[in-house]
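Starting from the structure of chain F, add chains X and V where the hints point.
Chains as they are written, first to last, in my numbering: chain F, 35 to 109; chain X, 3 to 236; chain V, 78 to 818.
It cannot be assumed that every hint is accurate.
[What the hints assert, rightly or not] Non-contacting residues of chain X with respect to chain F, defined by C-beta distances greater than 12 Å in every case (computed):
#1 12
#2 56
#3 57
#4 64
#5 68
#6 79
#7 80
#8 82
#9 139
#10 151
#11 162
#12 215
#13 225
#14 228
#15 232
#16 235
[Stated by the list, open to error] Okay, derived cross-link-like pairs now, BS3-like style, lysine-lysine, Cα gap no bigger than 27 Å in a straight line:
#17 V:132 <-> V:465
#18 V:638 <-> X:220
#19 V:674 <-> V:495
#20 V:417 <-> F:87
#21 V:222 <-> F:74
#22 V:91 <-> V:148
#23 F:68 <-> V:91
#24 F:44 <-> V:91
#25 V:380 <-> F:68
#26 F:44 <-> V:377
#27 V:380 <-> F:44
#28 V:495 <-> V:129
Derived from the structure by calculation, the hints contain no laboratory data. Note that CB positions come from ideal geometry on N, CA and C, so glycine has one too.
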Amino acid sequence: MKAKVIVMPKQSVLDPQGVAVRDAMHHHGLPQVKSVRIGKFMEIEVEGADEAKLHEICRDLLSNPVIEDYRLELQ
Amino acid sequence: MKAAVIRFPGSNCDQDCFIALSEVLGVETHYVWHKETSLDAFDLIVLPGGFSYGDYLRCGAIARFSPVMQSVVDAAKQGKAVLGICNGFQILCEAHLLPGTLVRNQSLHFICEHRRLRVENIDTPWTCATWTGTLLNIPIAHGEGCYVADDATLLELNAHRQILLRYTDENGAATAAANPNGSAQNIAGICNRARNVFGLMPHPERACDPRLGSTDGKVIFESILATLGARKAA
Amino acid sequence: MTNEPAITPDLIAKHGITPDEYERIKSILGREPNFTELGIFSVMWSEHCSYKNSKPELRKFPTDGPGVLVKAGEENAGVIDIGDGWAIAFKMESHNHPSAIEPFQGAATGVGGIIRDIFTMGARPVFSLNSLRFGEICGDSAGVKTNRRLFAGVVAGIAHYGNCIGIPTIGGEIYFDESYEGNPLVNVFCLGVLRHEQIARGAAKGIGNPVFYVGAETGRDGLAGAAFASRELTEESKQDRPAVQVGDPFKEKLLLEACLELLETGCVAGIQDMGAAGLTCSTCETASRGGTGVEIDLAKVPKRETSMTPYEIMLSESQERMLIIVKKGHEQTVRDIFEKWDLPYAEVGVVKDDGMMRVLDGGKVAAEIPASKLADDAPIYVRDAKPKSPAKPLQDWPEADSHSALLQLLLHPTIASKNWVYRQYDHMVRAGTCVLPGSDAAVFLVREANKILAATSDCNALYCALDPREGAKIAVAEAARNLACSGAVPLAVTDNLNFGNPHKPENFWQLRECVEGLAEGCRVFNTPVTGGNVSLYNENPGGAIDPTPTVGMVGLIENEKQITTQFFKDAGDAIILLGGFGSEMGATQYLKIVHGKKEGTPPRIDFDRERALHDSLRSLIRSGLVKSAHDCSEGGLAVALAECCISREKPIGAEIDFGATDLRLDQLLFNESQSRIVISVSKTNAAAAVALCEWRGIPARRIGTVGGRELQLRANGTSLLWPVDDLHRAWYSAIRNCMTE
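Looking at chain F on its own, in the form it has when it is part of the complex:
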């Protein structure tokens, strides 16, 4: 089984990296960019783990729930 995990900064939390990249894109001739948010993408190969446990790991290890949200996709 393949699991894909996307970790993103929470909507209400400042993403300095995204802001800097947005500004760079403006300077680079794309002033239309309104916002950039930068997160992490992880591909996990796993055999026979239950989904609840995967969610637990996403919450406790792969993301920092204080400032990040995660999305888990199983294939």
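Below, chains X and V alone, put in the same frame as chain F:
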């Protein structure tokens, strides 16, 4: 002779480089803001350390597109002396003025400490005032200083003697234990084929004042100034 | 106002406002406050902003002296003269509760906040220190693992912010003790330099002057963080955590450069950073200091998020923002500079003559409060104080094998080398660090002023837990001693008072005792308090933390020849102990670490003796005799001697002979009697050094010789021997080993 210290937003070793060049070595030195577009007036161009654009995205990735960088590339192509220290080295790699790239230290930690560096080749404008095999005591301070390049590039760097500095232990042996960040072949600094562009992770500008414990960094600046001085005289 | 909640007793209580305080608000306004105003009062009258529980105590500190250019409390940070027209501004501040919730960002934004406090004064920040406290980090329990996570996160957060902005973190202190479990302390210190004429003021001067907002856009960050810092951390509060502030050191670097560039032009009438309570605090405090009013329109404030209410904008604690009052007619200068640095800015208001803080939202009044009453008329409480019963004097204690006890002490993270930490900090940027981290005090060359500064932070909280007054006195004495050992004369002090809930009488009593102890110490060493920070409500389910009144002290070294480090230099040098063998065993690290006991009466401090010791040491240093100097603190004489051997790049041995003493071996080696310093001098100068001290009434005794590969201690007919490489390895890697377990 005139030296330029480029200031990117987020440069933070600009003042240290300025002082090393102007006060310690007595060179006429000017800051050049990253929005400037001409470097014609300068003989030596220094890209200082720091966190240009916060080093967000990738180290040096955004700075590489600053307006001044086109002039740096042009100057390098004309054979002018270009020195990149720490973040400056990362920017030179991003701008493809030097081969390879710098990634996160193997330990995943930022590391700040004095390190021994072995001079590998003195047949360059950056090291001509010292001897091959000399050990220099110069501090490092970086989180992403692990030099990476593919095998072909590493072969070429060796074949053309472009590796100028390696991390070693105090006996001059380039061991794995003496490698602070996991750099390929303990590489601390490299130059281009033409020898006029030099990038290094250690901070020679922090080793120019006896009150700070080491003056071993001076030899890098002395070498390039001697070379440029000789060129002017000729 | 649409959709604003009605003001109910429940809502008032949720804002931490008591019924009495609410009556006071009504009488100030002459009416009921609206929701935004209630929020404004709640943050301004929180302990964090108003010091309502500690102010009467803080007045006991000496704040004046010949070198004081700006006094504590007048501005964001005090300013002290260092000669030749140069001055320094420095301050320490806590970020304890945010770091408990999110260690990386909590610590990072703490560093950002204190740096803004310094450049708000017109000073260029040149170095930082930090004083950290965590629960124990060695072992396998869930609690210990949490402590490790907090410790690693805080260190990484400090490194992230400090390294990126390019201000070296050159020293500090770290203790590990169970009392900080779940409630770590993160106290950050920053120092800046400026010319006398560059001192900037946080006052809204000049009726009609425009008010600019500069820096990062406002988001819903850390809503009501100041109120959050002013109550206990419970499981519940960890759930209802505010949106955590995220620091952006890159933006702050730009803001720092832009503000200093703007101040240089002379067109700034007043400047204030937005820290706790953000826009609220900066508008009402500048108006109050200026004796004026300030009117701002929130519609003009740069925002990161949409549909923010006035309440949210006023209480947001978004980082990296400043409020600048500009001399009328110079608006274009501001625009030019902030555009050059690619920073947001907006003209948001104007200075008025009516003494009001008036907040408009698109022209409509959203809040209107007399500024000085809001800023300065917070209620003041004198809390009940109940003495804790004094610690029982130590009668007897078991004797451990002194040979393994020394190793055990050197392995404990409180005493072990902190290189795992400071290697992660860029401690050499700005090319001024003369003494690297790991000696008694950090020493920094301020190139622009050609001055050499020494700085240290100190507090033995175990002493304070067992005797708060004496412990606080010792914190000042130890700071001054550390400066003396580095060759410096103390100039001034900043403090960070970390205590438990002040509503508990024993906690309040500890606060009062500590303040009085600190005040007495500061008078003795002629070091006025230039400002600082109070952090109360440091509690966890296990109770209050050990009282921790951290002292940050700064001194001046006359010239580079007098810079002195703690480690032995050359084989053959004579080792001299100044101040005698001591004997006090209460509250020692030996008892705590080796015997698991936090008990006994802490050592006493005799200030006259302490001062005479420092004067003697400095005169020895001035005469060029001293090659190393190290004070005896945690772990006593044995640990001090071991550190002299192993805190250099390559360890060196020493042979020590104490002769016959009437002390038991463990008492001789590990007692923590105060006012003692180990120095080394060249063999030919040994007799002169001893004579000079004795002439000044300081007991001095040659106890041994530097050299060899072993540390050898002989006393009372027993001999102990440790290979220094073994000691070094244990001490140097102890924290790394804990962290990679």
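Checked hints:
Distance check on residue 12 of chain X: its Cβ comes as close as 9 Å (rounded) to a Cβ of chain F, failing to clear the 12 Å threshold; non-interface status is violated. Not every beta carbon of chain F lies more than 12 Å from that of residue 56 of chain X, the smallest distance being close to 5 Å; the non-interface claim is violated. Residue-level check failed: residue 57 of chain X sits 9 Å from the nearest beta carbon of chain F, not beyond 12 Å. With a closest Cβ-Cβ approach of about 4 Å to chain F, residue 64 of chain X is found to fall inside the 12 Å limit, against its non-interface label.
Not every CB of chain F is more than 12 Å from the CB of residue 68 of chain X (nearest about 9 Å), against its label as outside the interface. With a least CB separation of 23 Å from chain F, residue 79 of chain X remains clear of the 12 Å interface cut-off, as annotated. Non-interface status of residue 80 of chain X relative to chain F is upheld: no Cβ of that chain comes within 12 Å, the nearest being about 26 Å off. Against the 12 Å criterion, residue 82 of chain X stays outside the reach of chain F, whose nearest CB is about 25 Å from its own CB.
Even its closest Cβ contact with chain F, about 35 Å, leaves residue 139 of chain X beyond 12 Å, as expected for a residue assigned away from the interface. Non-interface call for residue 151 of chain X relative to chain F: holds, since the shortest CB-CB distance, roughly 26 Å, exceeds 12 Å. Non-interface status of residue 162 of chain X relative to chain F is upheld: no Cβ of that chain comes within 12 Å, the nearest being about 34 Å off. Distance check for residue 215 of chain X against chain F: the nearest CB is about 34 Å away, which clears 12 Å, and the non-interface claim stands.
With a cut of 12 Å on Cβ distances, residue 225 of chain X stays outside the contact zone with chain F, its closest approach being about 35 Å. Residue-level check passed: residue 228 of chain X sits 39 Å from the nearest beta carbon of chain F, beyond 12 Å. No beta-carbon of chain F comes within 12 Å of the beta-carbon of residue 232 of chain X; the shortest separation is about 40 Å. With a cut of 12 Å on Cβ distances, residue 235 of chain X stays outside the contact zone with chain F, its closest approach being about 42 Å.
For the hint linking residue 132 of chain V to residue 465 of chain V, the alpha-carbon distance of about 22 Å falls within 27 Å, and the restraint holds. Pair hint residue 638 of chain V plus residue 220 of chain X holds up; C-alpha atoms about 22 Å apart against a cutoff of 27 Å. For the proposed pair residue 674 of chain V and residue 495 of chain V, the alpha carbon gap of about 24 Å is at most 27 Å, so the pair holds. Distance restraint check for residue 417 of chain V and residue 87 of chain F: the Cα-Cα separation of roughly 51 Å exceeds the 27 Å cut-off, and the hinted pair is therefore not satisfied.
Proposed proximity of residue 222 of chain V and residue 74 of chain F is supported: the alpha carbons are some 25 Å apart, at most 27 Å. This hinted pair does not check out: residue 91 of chain V and residue 148 of chain V have alpha carbons roughly 35 Å apart, beyond 27 Å. Annotation: proposed proximity of residue 68 of chain F to residue 91 of chain V is violated, straight-line Cα distance about 37 Å (limit 27 Å). Pair hint residue 44 of chain F plus residue 91 of chain V holds up; C-alpha atoms about 25 Å apart against a cutoff of 27 Å.
The straight-line distance between the Cα atoms of residue 380 of chain V and residue 68 of chain F is roughly 13 Å, inside the 27 Å bound, and the hint therefore holds. Annotation: proposed proximity of residue 44 of chain F to residue 377 of chain V holds, straight-line Cα distance about 26 Å (limit 27 Å). About 17 Å separates the Cα atoms of residue 380 of chain V and residue 44 of chain F, which keeps this hinted pair within 27 Å; it holds. Restraint check: the Cα-Cα separation between residue 495 of chain V and residue 129 of chain V comes to about 37 Å, which exceeds 27 Å; the hinted pair is violated.
When the structure is compared with the earlier hints, violations turn up for hints 1, 2, 3, 4, 5, 20, 22, 23 and 28 and for no others.
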